[in-house]
Amino acid sequence: MRYIEPHAHMVSRVTDDYERMALAGCEAVCEPAFWAGFDRSSAAGFYDYFRQLTEHEPKRAAKFGLKHFCWLCLNPKEAEDVKLASDVIALIPEFLDGANILGIGEIGLNKNSRNELKVFEMHVDLAARYDQLILIHTPHLEDKLKGTRLILDLLKGDRRIRPERVIIDHVEEHTVELVLNSGFWAGMTLYPETKCSPARAIDMLETYGQERIWLNSACDWGVSDPLAVPKTAVEMKKRGHQGTTIDKVVYQNPKKFLGQCPKFNIG
Amino acid sequence: MNRGRLSQTNMTRQQVLDLYFLDARHKLVGIAAFLDRVERANGKDDFRLKAFRAALGELRGSKTEKARRVLLAFSDRTTKPTAKAESKGAVGAWSGRNG
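Line order of the protein sequences matches chains L and Y. So for the first sequence, our numbering puts the first residue at 101; every next one is plus one. So for the second sequence, our numbering puts the first residue at 1461; every next one is plus one.
Fair warning: there could be bad hints in the mix.
What follows is a list of derived Cβ distance ranges for each label pair [said to hold, decoys possible]: (1) L:Ala-162 / Y:Asp-1478: 41 to 47 Å; (2) Y:Ser-1522 / L:Ser-186: 41 to 47 Å; (3) Y:Arg-1485 / L:Lys-183: 18 to 24 Å; (4) L:Glu-194 / Y:Leu-1519: 48 to 54 Å; (5) L:Gly-283 / Y:Leu-1495: 38 to 44 Å; (6) Y:Lys-1526 / L:Glu-311: 22 to 28 Å; (7) Y:Lys-1548 / L:Asp-231: 28 to 34 Å; (8) L:Ile-366 / Y:Gly-1521: 34 to 40 Å; (9) Y:Ser-1555 / L:Phe-195: 38 to 44 Å; (10) L:Lys-183 / Y:Asp-1505: 37 to 43 Å.
Just some of the chain Y residues that point at chain L, by a computed CB distance under 7 Å [said to hold, decoys possible]: (11) Lys-1523; (12) Ala-1527; (13) Leu-1532; (14) Pro-1541.
No lab work stands behind these hints, which were simulated from the structure alone. Beta carbons: idealized from backbone N, C-alpha and C, even for Gly.
Full structure from sequences and hints, please.
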């Protein structure tokens, strides 16, 4: 079974995970820029991180025949410092011509603060000016509904933003309809405790259909599973879904969205 | 551009029960044990337990979209951005305060 992992933080995973993903049928892995678990102290720290995403991770992935792509940004958890965010955003254009850059992400909100919203707006502006795809993180747990609404309001208010080029990730049952009905893509994240289970994700697929929707593991330095997507594909099979439907969700859909970036070439 | 709800499923109700009943039962016993544990412990409830009990109420009866209702019971439904992020993490239920 083939699949694409559209959201995995491989800098925080061991090389064994690349091997396991390749064995499970992964053909490409896409890595958004994220929070390291601590606040980076300067824009220079982000510069080195961007180099890690654009130079080092593709080499690790290639050892197992996997193509690696990435997104760049300053993560919402570090967005209270607007000056730092501005300095980091100023670095990004230098990287945008890189061979594995998909766009700007994962931007969004964390605690729904004014500064976070300002920094989100700065990233959206950057994406619009450079015609980049956008990957958005919606907040965790009790903050998700409010954050999703604030994000949608900002996006809908910017006429440069085309909904088909934006994926709003980590949707759950109370936000998925808001996202899809606004014309954006929706990502369902298979992550323990704070996000979806495979069963719930398949419930949402059955309720809302399989258009403009993808699955991802968002595996990172927390307790998470880089094989969550193929495991969910197996559960879809257990529920009687056809192979063509499964392939659409775990391969064709991410390929369709990501293929809007000319660099996403996986054959 | 509204997406209608499809509610497709390939399984009969019996098949859903066969596949998921034991797992759901296990989780329900876990919830019951959690409540026993909390009630055995000394001290006051906080907003999390209040939200948890409200969320449990959404499971009763013939209401549809129970998962969505449970998530809403835990959610911050205010609409204005907070003044400042006072912490980085979420705790699972809205405290009722906005910074």
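Cross-check of the supplied hints:
At roughly 43 Å, the beta-carbon separation of L:Ala-162 and Y:Asp-1478 lies within the given 41 to 47 Å, and the hint holds. One distance hint, 41 to 47 Å for the beta-carbon pair Y:Ser-1522 and L:Ser-186, is violated here, with the actual separation near 53 Å. Remark: the range hint 18 to 24 Å for Y:Arg-1485 to L:Lys-183 is contradicted by a beta-carbon distance near 53 Å. A C-beta distance of roughly 52 Å is found between L:Glu-194 and Y:Leu-1519, which places it inside the suggested range of 48 to 54 Å.
Take L:Gly-283 and Y:Leu-1495: their Cβ atoms lie about 42 Å apart, and the range 38 to 44 Å holds. Distance hint check: the CB atoms of Y:Lys-1526 and L:Glu-311 are about 25 Å apart, consistent with the given range 22 to 28 Å. One distance hint, 28 to 34 Å for the beta-carbon pair Y:Lys-1548 and L:Asp-231, holds here, with the actual separation near 32 Å. The hinted range of 34 to 40 Å is not satisfied by L:Ile-366 and Y:Gly-1521, whose Cβ atoms lie roughly 48 Å apart.
Distance hint for Y:Ser-1555 and L:Phe-195: a CB-CB separation of about 39 Å, consistent with the stated range 38 to 44 Å. A beta carbon spacing of about 41 Å between L:Lys-183 and Y:Asp-1505 agrees with the range 37 to 43 Å that was offered as a hint. Annotation: Y:Lys-1523 was flagged as interfacial toward chain L, and the flag is violated, the nearest CB pair being 13 Å apart, outside 7 Å. The interface hint given for Y:Ala-1527 is met, as the beta carbon of that residue sits about 4 Å from the closest beta carbon of chain L, less than 7 Å.
Against a cut-off of 7 Å between C-beta atoms, the interface hint on Y:Leu-1532 holds, since the closest Cβ of chain L lies about 5 Å away. The criterion of a C-beta within 7 Å of any C-beta in chain L is met by Y:Pro-1541, whose closest approach is roughly 5 Å, and the hint holds.
Going down the numbered hints, you'll see the structure goes against 2, 3, 8 and 11, while the others check out.
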